[in-house]
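*Asks:* The chain contents come next:
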Amino acid sequence: MSAADPSAFLQIQDVVKDFDGFIAVDNVSLDIAKGEIFALLGSSGCGKSTLLRMLAGFETPTSGRIVLDGVELGSMPPYQRPMNMMFQSYALFPHLSVWDNIAFGLKREGLPKERIAERVEAMLKLVQLGKYAKRKPHQLSGGQQQRVALARSLAKQPQLLLLDEPLGALDKKLREETQIELVNIIESVGVTCVMVTHDQEEAMTMAGRIAVMSEGRFLQVGAPGDIYETPATRFVADFIGNVNLMDGTLDVDEADHCIIGSADCRHYVGHGITGVVGMPVTVALRPEKIHLSRHKPGDDFNSVAGTIKEMAYFGSFTVYHLELPSGARLKVSMANVQRHRDDEFTWGDAVWAHWSRSSHVVLTQ
Amino acid sequence: MNALLARIGGRTVVIAVPFLFLLVFFLFPFVIVGKISVSEMETVSFKDVLTWSDGVLTLALRFSNYVFITEDPLYFKTYLASLHYALVTTLLCLFIGYPFAYFMARARPTLQPALLMLVMLPFWTSFLLRVYAWRGLLTEGGWVAELIFASGLDQVLYAVGLIASPGKLMHTPFSLVLGMTYTYLPFMILPLYGNLAKLDLRLLEAAADLGATPWVAFWKVTVPLSKAGIIAGSMLVFIPCVGEFVIPELLGGPETLMIGRVLWDEFFSNNDWPMASSVAVVMVLLIIVPLAIFNKYQAEAQESRK
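Chains as they are written, first to last, in this note's numbering: chain A, 137 to 501; chain B, 16 to 321.
Simulated from the structure, these hints should not be mistaken for lab results. Treat the hints loosely; a few may be bogus.
What the hints assert, rightly or not - 30 Å max Cα-Cα, derived BS3-like pairs, lysine-lysine:
1) A:K309 to A:K270
2) B:K311 to A:K270
3) A:K267 to A:K243
4) A:K243 to B:K62
5) B:K62 to A:K249
6) A:K261 to B:K235
7) A:K270 to B:K235
8) A:K308 to A:K432
As the list claims (entries may be wrong) - To give an idea of the chain B side of the interface with chain A (calculated C-beta under 8 Å), a few residues:
9) D63
10) V64
11) R217
12) L218
13) E220
14) A221
15) A223
16) L225
17) G226
18) A227
19) T228
20) V231
21) V236
22) P239
23) D280
Since we're looking at a predicted model, the values are computed, not measured. We treat Cβ as the ideally placed atom computed from N, Cα and C, and that holds for glycine.
Same shape as in the complex, but just chain A (with noise of 0.2 Å):
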């Protein structure tokens, strides 16, 4: 990918992991900036974890380096890196109380006895924890032992926070006051930080930029909101969040708008591509981004008539499934910003999908 930017505070420059034959990790760079926090996403078996246990130390790269603040990791064993990690449900020490759990890593450093102390009170004071101190991992709930592995990760005070699935082990509601609680501590503290998730929300939320990873590669990295809007593949589209794919070709092609045929309707988009006229293109709609009425819009372009054969209810917001002429589906969703509409759309009505200029991604690959 890009050439990497010596001055970045964390660069991984044409890293490749080889197990015996399967490419885990493929040939990726990336730079990552001081304070940033940086989420590696992808579905499992994607070598994001892997990515993340090479800057753990807990793997060696078959090729390419790892620098961090200007020194390169190679081959240095975990102990010695500046960096900690918040396992995968947390892997706390059973045997040893909360207390001793995060001034694990200090004793190892040979602090003296007052500075452990300061610290771990500090630590347990970031995250809330004070009166549990004396507690054993197995008698906190999830949340708790969340808190004290952060605590824990963040007690060295490591140059590099590295998150493994952070959230994985809460449940949804938990999981989402979480999601904010953990920024917030991780900023305040100022550390750097990768995660590693496959919770597509969990990223955006938490995240200042995301890299899609896929088969080992990255397959864009952008920040949350340019890689839900901006797809820059039909992988990316339809990994993150839910997408109409309508495969068309382009018909015309100009500086500030480009018109793409597709076998329901023919697409009026407000930008020009630099593509050849002729050639194959798929066009990404989010599902939020079409309205539904009962009458034919005015617009010849950008519409759509369909049945809808699926409703479903999510509470703030419903998703329509609209049989198309070709017999293709078109996913809609509609706010419920009202408790009860007059004329709510249900199963087999006839409707008209439509969207504006500016709603779709036109993707060449």
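With chain A's structure known, arrange chain B on it following the hints.
*Replies:* The following block gives chain B in isolation, referenced to the frame of chain A:
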């Protein structure tokens, strides 16, 4: 019958059967042994402890045997020797067994059943035969003995006082401890392996991540977490070793007198059953104390796992 079972509860029945067995074949005989130990010998039989004559109920408990055990230094020394040899054997089994169990637990999963099989393989042959075989190996001309002589190891053993004179291995503390360690090693390895195989390896990664070298991680994480296995294995070796009779008889010598041997002599040579019973009761008490500690620890471990 079914109604009756339902009323008592199948659980109770299943638990009651082994308890009943132990009650009839362990606790009850032990009470008899206890009674004999405080009885007086009359030529061929024992006097009753409880007698009724002329309206007087007499309870006669004769504690002279116990007094004698505390007075005669032979018993004290033998008990001490038994505990000493049992302890040495336990420690040796631990030092040999722990690394063995550790690497067994870390071996490739496909290799582990084979390694486990190797540990249990000795059980296929009677323990008596295997101990007897050591006599052949350790007497002059036996190849283990020849190897030790050739390497000059017997000089070392002599220097540390494990054998009485160089060139003679049998009937020494060395041969006794060797035989006991050999026999009881699997009882140390199996619980340790069971424990170490369950160890969550991510905890070692967490330790490394927090700055612990592999050596520190071993002592601060692996060893404390295998405490239950260490205690279980140690008890399984220590307790039978204290009362061991066959191995001291076959491999031990005059200076390695253990309590099992004294017990045998009291019963079968001196025919002094009250004395023998007293010796047995004291031995059982000596073993029950560490066992109680073990049980307490196990209960605590169970508690903390909840």
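*Asks:* Checking each numbered hint in turn, tell me which of them this model violates, lowest number first.
*Replies:* 4, 5, 8, 9, 10, 23
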